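Just so you know, the protein sequences line up as chains A and B, in that order. Every letter in the first sequence is one number past the one before it in the numbering used here, and letter 310, counting from 1, is 310. To get the numbering used here, take the position in the second sequence, counting from 1, and add 1000.
Think of the hints as simulated: they come from the structure by calculation, not from any bench. Computed from a predicted model, the values in this text were never measured in an experiment. A couple of the hints might just be wrong.
[To be verified] Computed cross-link-like contacts, DSS-like style, restricted to lysine-lysine with a CA-CA straight-line distance of at most 30 Å:
1) A:Lys397 x B:Lys1470
2) B:Lys1470 x A:Lys372
3) B:Lys1411 x B:Lys1265
4) A:Lys372 x B:Lys1346
5) B:Lys1454 x A:Lys340
6) B:Lys1176 x B:Lys1054
7) A:Lys176 x A:Lys68
8) A:Lys68 x A:Lys10
9) A:Lys372 x B:Lys1454
10) A:Lys239 x A:Lys176
11) B:Lys1265 x B:Lys1054
12) A:Lys397 x B:Lys1411
13) B:Lys1411 x A:Lys239
14) B:Lys1323 x B:Lys1346
Here is what each chain is made of, one letter per residue.
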Amino acid sequence: MNACASSFHKAATEYIDSLSNSKGEWLTEQRRAATQRFTALGFPDAGHEAWRYTSVEGLLQQNFKITKNTQVFPEHEVIRQFLREPVAARMVFVDGIFHPDLSDTAGQTGLRVGSLGTAMATGDSSLLGGVGSLSGLGDHGFAALNMATLQDGVVIKVPTGMTIQQPIELLHIATKGLSGQALRTRHSVVLEADASANLVERYLSLDSESNYFNNLVCEISLEDGASLIHQRAQEESRKSYHLCDIHLDIQGNAHYQGINAALGGAWSRTTVHARLGGEGANIELDGFYLAGEGQLTDFHLDVDHSVANCESRENFKGILYGAGKAVFDGLIRVREQAQKSQAHLYNANLMLSRRAEIDTKPQLVILADDVKCSHGTTVGQIDDQALFYLRSRGLDKDQAKRLLSLGFASEIIDSFQCEYLREHLREEIVERMSFKI
Amino acid sequence: MGLVDSEMETLIRSDYAEGFVTQIESDTLPPGLDESVIRTISSRKQEPEWMLEKRLAAYQFWLNMQEPDWATIRHPPIDFNGISYYSSPKKKPQLDSLDEVDPELLATYEKLGIPLEEQKALAGVAVDAVFDSVSVATTFRESLSEAGVIFCSMSEAIREYPSLVQQYMGTVVPHKDNFFAALNSAVFSDGTFVYIPRGVKCPMELSTYFRINEANTGQFERTLIIAEEGSQVSYLEGCTAPMRDENQLHAAVVELVALEDARIKYSTVQNWYPGDNQGRGGIYNFVTKRGDCRGDRSRISWTQVETGSAVTWKYPSCILRGKNSVGEFYSVAVTKGLQQADTGTKMIHIGENSHSTIVSKGISAMQGSNAYRGLVRVAAKAENARNHTQCDSLLIGDQCAAHTFPYIEVKNPTARVEHEATTSKVSEDQLFYCRQRGLTEENAVSMIVNGFCKEVFNELPMEFAVEAQKLLAVSLEGAVG
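If we strip away everything but chain B, and leave its shape as in the complex, we get:
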């Protein structure tokens, strides 16, 4: 096994391919946080009064909150006054076509392998590119608006669809929810707003590419997706960030609302800078994601592939309020080097016959630490609720760590809840079998690891599945014998 281990190491040590910084002039506030910063953010974004009030209320609440310490992650204390809370590429005149977009920006996307033009031509994917904190280009607007779908930046939505935003924002993740959600509610910079009208099946996969570009800029995205009765949408979120020495904070909030018979599929591939081999730099990713299955027979599905960030703290959850509603969570989390991930989900069963599935695959390599933390709660009124949870951890290297902390709370006797978890390494038997069939050690382990994650990758939209497999291969390259 020694050979495999050492080769695995070399594979794992592969460098972060997305590490580059785009030189674009940006409009950045000096570090620090107080009421005036929030007023500035709000006024820069030309927000209405009610939005500012919401932000200030969240800020006041945040001031009295404690940073949570229950997760199995360790990091130096975050200096919330050492962060700049607003950064946007310098204001350009209104853009009508891609030609008007800063060529440097476009080049950045090209390096990431998603040129907008290509995206436009291929696959029918509309990309709302969020570069740092401001959306600079939105494509496919027209074909979407024909279908009645609203797909725009949050700041635009606040200006143009205030009634929708007021009706839904903060109803799934209220600012009192947790420390980072409160911070986000106070200072969120921008994000994505999606509204799918009644009965509409969104004609294409919606996708946002996030980039954290400006050093020292916390990025506070706010995403809100509303699926009206009988509508369907699939949303893709992918992230890469350039190499930087100082830790960057990312505290996003994502809210999903699914009304009767609506379906939302939210997929994430997260490949932010994890820090170097000494654990310097890297993104701190504290995200609150929650979906609310408000209507009967509604369905929300979270799929995530987490390979980046120095620290990941993320629990995409579903509140299954509607009768016969369905919540799903599929996750692959890879930690290597000194990366730490504490991730999982919450499934809150309130409606009758609500079902949920949780499949979580954790891969820990080198000194990586990976924790699954999940809650399945069946309320007293949730007749015939059903949950199945499967958590598997794969260990590569003798210094890594894998933890599993599921919480199961059941108050209804008709509930059926199952939880299974396993932790093991790639077995020598498996390797031996593949090797004697003529596979190299590297291919064998790669195949086994891919097989380990297959259940989750199958849930990703096709374009993402390819990217995710590539990411996994790159992440574990060479490590895998």
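If we strip away everything but chain A, and leave its shape as in the complex, we get:
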């Protein structure tokens, strides 16, 4: 274990020791086990295939602190602007800590939405059962650290047959005071049989210079026939680090639709591990990433067809400008018994600048024969003819490029179900690319 890892190990151990051993700290044992797991794993480096293009050195050099943050943020007014849309339930986290005053957990009768912090404090095992059930103790050092020192998060349970029309919104807000800290947030979502819901996750920063590390793990189980729309918009501060591992377990005839947008962060990485565990399971993943000056954006997908008759479809598009760098890795795995699988993955990248870089790696691992699988990747530029057409209509070159780039992004952005998110993301993309490209 190198110096950096041992300092994290020490911090994690101190953190666990500092927790009161009340009934709520039922996780203590798991936390200790995760610390050991962390010791065994260490931090990933370029020698790990999944991390060969995504260096964590910059992140480790920041020396983010693992602290016990209990301070409640007082500035409600600034945040209120984000709370206008109607929702079924809303959970607001300020600097990683659940903020009950800003949240709305009333919801529909039967729907259970609560903070992980509260659930841990009261030792509510019916809600906590899902924690770690899909992720285990973690498959890399950061995930293990999350388990060892997890702070807060959301626990959601949608009971059998219930349909939630309005979105359940998870709002994560980083303030200026967060600089230098590592957040450890974990969400656990269970949709029981035939339930359906719409989850919106947003990551925002009130200060663009704020420098923090958001280390997240999200576990989602869809039981037979359940259906979830999961919309994620990551707009962290431009100096922040964002790491999110999403674990999905999709049972028979269940349907998961994920829409991702990653715009912020100096360094951001999202991994989706999806296990199609019951016949008829279906997953659709869409993603858009925008990486500009000094940004690295990484998406890793691992879709595992473990039984027959499942379908998966992934479509990820990215725009790179400035010295932006993007990494994409899309693995489709079809196990021996997963006959009649259909899996299709597509990744398209638009490179707008000389200093940009894209490393993309779609992968197929097929162990069954009666399958239809495909993947496609492209790296290209704005079409000269399209550019010429727009210029002949009186747009200047930058306007035309922006318009075409926005058109490129729209295919994904339009899949967002919430209109306000679509509008907001479009504006944000245009604004981020507003300088000369």
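Knowing the structure of chain A, use the given hints to seat chain B on it.
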């Protein structure tokens, strides 16, 4: 579909037709590898001092290397000290004509269907026959030398054209490149050397037939092809090996150098012994092949049909250094029984306007495992680089595996890179359509599989295309309904 599957099985199970061992006395070193073995190889081959030094440097480097483990292949560990590193048919007096060649050797070639005499008379193909590790006969030398083409064994080239060999050998695949290239650089036994002078279009297809004959003999071929400015050459490599129980290691290195406006076309049909149905025996084929498009407008094209070997680990690559240079890779890989193949290519775009095309067709049958592993890298200075990659896998039988691992790294915004891959089985619709047109199931599948590979076969020189189609038919005989 059940009927088709079972018939496919019978077809696939067809035996290896090339399994026989030629009884020829050979001069073989005892198994093991150390400096003295390398000195012996070098002295047996009467090599100059500089060659020995190169070998020893490679050996020293190899000692500190780890065998790579990233490929999706599994095999028992290779005992590098259990292999004999030199084997040659007993030295004969210098040969002037085919009559002087050991008749047993000639008979072997006849069994393979390429009698040298016939080759001589037909098709204008010059054959440099490498029997195990030493070239024993070279034909068509004279007509080639009229054109100024040098086509000889590597050992001869080292003795007679040392300046050319020194200038180019190891510049495309340096011994530090990888574990097997380092091993080859230390112990390579022989191979082929081709030099095409400036502006010359090689008057005939050059061809080498490889045979691995001696049991327990690793074969370490070293091939170097240099195409000077404006020259053109097409090189054919075909391989068959007799049936043996123990795994044989083959670690070859092929280096191609294309200078300005030069064109090199390198075609391979590989049909080595794949092992029996229990996975016993079979060749381990770890090959490093790389072409360097050094000159502007140069072009290197790799075409391969891989049906043999128990394990194939092979990534013929192109370094596209010259402006407007072109790299191509066309591949059909068939794995059946317990065969495993991890193959693909690397296209490194450095020069402006460099273009590359990759077409890879994998067929997995029974428990066969087939992986495409490719890299397309566009360096920051490679303006207007263009790549198109197409990888298709065909699955026959529910225990086979097909994997696709393309890596795409782009650092230039003017690059256009496309990658597509599909994996599927022969569809019932396709079969039904052919059947209702009166084709038997066997013919229908055979036609569909041939159609699947057509894009690659079209790239082969004519003689090879015929052989490749035959091989594919034999490989999948009966399997295909």
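Hint by hint, here is what the structure shows:
1. A:Lys397 x B:Lys1470: Violated, because 57 Å separates the two Cα atoms, which is more than 30 Å.
2. B:Lys1470 x A:Lys372: Given pair B:Lys1470, A:Lys372 holds - Cα atoms ~28 Å apart, limit 30 Å.
3. B:Lys1411 x B:Lys1265: This hinted pair holds, its Cα atoms lying about 29 Å apart.
4. A:Lys372 x B:Lys1346: The given pair, whose Cα atoms are some 26 Å apart, holds under the 30 Å limit.
5. B:Lys1454 x A:Lys340: Holds: B:Lys1454 and A:Lys340 sit about 27 Å apart, inside 30 Å.
6. B:Lys1176 x B:Lys1054: 12 Å, holds
7. A:Lys176 x A:Lys68: OK: A:Lys176 and A:Lys68 at ~17 Å, within 30 Å.
8. A:Lys68 x A:Lys10: 14 Å, holds
9. A:Lys372 x B:Lys1454: Holds. A:Lys372 to B:Lys1454 sits at ~21 Å (cutoff 30 Å).
10. A:Lys239 x A:Lys176: 12 Å, holds
11. B:Lys1265 x B:Lys1054: Cα-Cα ~28 Å, so holds.
12. A:Lys397 x B:Lys1411: Judged against 30 Å, a Cα distance of about 23 Å means the pair holds.
13. B:Lys1411 x A:Lys239: With Cα atoms ~23 Å apart, B:Lys1411 and A:Lys239 stay inside 30 Å; holds.
14. B:Lys1323 x B:Lys1346: 18 Å, holds
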